[in-house]
Amino acid sequence: MTLGRWTSWLEKQGRTEVLGAMRIAIGCLLFAQAFDAFRELGQIGYFGDMFHMPFISERYVPSHVLYTYLLDARLLLAVLVAIGIQARPALAVSSLLGIWTLASDRLQYHHNRYALLLYAFLLALTPCDESWRLVGKRASADETGAMWGVYLARAQVSLVYLASGGSKLFDPDWRSGLMMHGRFLEYGYQAVDKGVPQPIVDFFSQPFMTSLVAKGAIGSELFIACALWSKRLRRVALWWGMLFHLTIESTSSVELFTWVTLVAYAFFVTMDARARTFEADGSTRLGKFLVRAMRGLDWLSRFETRTWKGDDVGSKHVVVVTGRDGKRVTGIHAWAVVAEATPLLFPMWAPLALIASFRS
Amino acid sequence: MPIRPEIVLRGAVALTYAALQIALVLTASLRADGAFGFRMFNESSSVEAHLFREVDSPSGQGTVREAAPDGKWRAHDASGAWHRFSWYDRVKSGAIAGLDAKVHASYGAAAQVDRLHAALDDLAAHVPDDTETRAFVLEIAVMKNGRRPVPVTFRAEVKH
Numbered sequence: 001m002t003l004g005r006w007t008s009w010l011e012k013q014g015r016t017e018v019l020g021a022m023r024i025a026i027g028c029l030l031f032a033q034a035f036d037a038f039r040e041l042g043q044i045g046y047f048g049d050m051f052h053m054p055f056i057s058e059r060y061v062p063s064h065v066l067y068t069y070l071l072d073a074r075l076l077l078a079v080l081v082a083i084g085i086q087a088r089p090a091l092a093v094s095s096l097l098g099i100w101t102l103a104s105d106r107l108q109y110h111h112n113r114y115a116l117l118l119y120a121f122l123l124a125l126t127p128c129d130e131s132w133r134l135v136g137k138r139a140s141a142d143e144t145g146a147m148w149g150v151y152l153a154r155a156q157v158s159l160v161y162l163a164s165g166g167s168k169l170f171d172p173d174w175r176s177g178l179m180m181h182g183r184f185l186e187y188g189y190q191a192v193d194k195g196v197p198q199p200i201v202d203f204f205s206q207p208f209m210t211s212l213v214a215k216g217a218i219g220s221e222l223f224i225a226c227a228l229w230s231k232r233l234r235r236v237a238l239w240w241g242m243l244f245h246l247t248i249e250s251t252s253s254v255e256l257f258t259w260v261t262l263v264a265y266a267f268f269v270t271m272d273a274r275a276r277t278f279e280a281d282g283s284t285r286l287g288k289f290l291v292r293a294m295r296g297l298d299w300l301s302r303f304e305t306r307t308w309k310g311d312d313v314g315s316k317h318v319v320v321v322t323g324r325d326g327k328r329v330t331g332i333h334a335w336a337v338v339a340e341a342t343p344l345l346f347p348m349w350a351p352l353a354l355i356a357s358f359r360s
Numbered sequence: 001m002p003i004r005p006e007i008v009l010r011g012a013v014a015l016t017y018a019a020l021q022i023a024l025v026l027t028a029s030l031r032a033d034g035a036f037g038f039r040m041f042n043e044s045s046s047v048e049a050h051l052f053r054e055v056d057s058p059s060g061q062g063t064v065r066e067a068a069p070d071g072k073w074r075a076h077d078a079s080g081a082w083h084r085f086s087w088y089d090r091v092k093s094g095a096i097a098g099l100d101a102k103v104h105a106s107y108g109a110a111a112q113v114d115r116l117h118a119a120l121d122d123l124a125a126h127v128p129d130d131t132e133t134r135a136f137v138l139e140i141a142v143m144k145n146g147r148r149p150v151p152v153t154f155r156a157e158v159k160h
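Chains as they are written, first to last, in this note's numbering: chain A, 1 to 360; chain B, 1 to 160.
Keep in mind that a hint or two might mislead.
[Said to hold, decoys possible] Think about it this way: if two alpha-carbon atoms lie no more than 16 Å apart in a straight line, the pair counts; the simulated EDC-like pairs of lysine to aspartate or glutamate are:
no.	chain 1	residue 1	chain 2	residue 2
1	B	159	B	129
2	B	92	A	40
3	B	102	A	186
I should point out that these hints are in silico values taken from the structure, not numbers from a laboratory. Nothing here was measured: the structure is a model prediction, and the numbers come from that model.
All chains should be built: construct the whole structure from the sequences, respecting the hints.
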């Protein structure tokens, strides 16, 4: 990378709405993480009074009193992050306090906890406090900020997949499916407990299937790590990744990992705002409802949402969507665009886009 | 055109962060639990650990090994009073496998063996009221990814 490209990357600006929404989500996850630690303190006691394994020297491990204050502080900081008061310093301090806790007792270490703390730190490097503030001044319409922290966060998300997929690829037990077979045999009951039918668990527990699933998991992780950087493949990678994590969530206990990762996916959203338009027929109840629903679901500020502006396209349809490229679409094409840009509807994007591709 | 100090600072932070994260991922295998390396679902291994105590032989010569079922035992203190002890008095984290049952090795067999070994040393250093136990022994059967059990034994002398 030349010096010019390097500096332009560090100076690049973007809209801040997506980051504001992410800040609220990360704040909630930080609160949940700190709350869990607080509950553990009440139920089990202070970790320093029992067997623990610090990464750091014992003298840097917080005392019982300090640890209690530290958890109080993490709860308070998480609230500040979510509501947007001194959010960036709160994110950074919250992350560092969390990492200090993990360093004080590696028995508390879990990948999902560490990943959340890293994303919180990286979010602190972005202008995430410029929008979605629940208190204080409202953001102006053209709020922008430096995006270098976003690119660093994207690299972190990619690195997580690369590390996970890469380590599996170099592990013969993983490649052959031996590990996956053992996992299905040992943990199949968790999937059944979560509602997956027993015959499905039995089917996937066969050696041939576990070998296939293992190869699929390795391929998926490496594909996501790389495809996130391709403009053409990014949304496919995000959709596949979401499916991948929801499958893991429904079959295993992974604490907050699914939600941490799905929130981190928003780092890959194009940092603009309201580049698409969602219009609905305001003369009908359905049209009015759809506009209200869209406003409620558009957490990433992807759409300019309004009721009908009478024109030749709109007269035959309830909804008309204008994409970022200026193309106006209706029917299933419109819903594919809506699903593509709306977090809660994103699982439906690929099937809708597939069906839409068969209709001119 | 000279580069603004703010941009230099951003570049330094980005490079330091990236270098640190890559280093942590690449060195994960040096840590038994692979911490900071994002090796998700690395194994489906199990361990089964049993705790024993070495106490003075009734014959007065050497020591004999006594089982501590479920990690529990009773012993006299210096004044002759009985005390109940348990492995779980000190080991309360769910990150460590329980005793006398085959359990999943969270973060892999190596991580669990490392944790159990450290927990045994910790136990031996924290039983001041047990004047009978000379040493603790932990026998662990390690089943990596469903393979046949491999025995591992650790011994920790009690520090009276």
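Okay, the hints, checked on the actual structure:
no.: 1; hint: B:159 <-> B:129; verdict: holds (11 Å)
no.: 2; hint: B:92 <-> A:40; verdict: holds (11 Å)
no.: 3; hint: B:102 <-> A:186; verdict: holds (11 Å)
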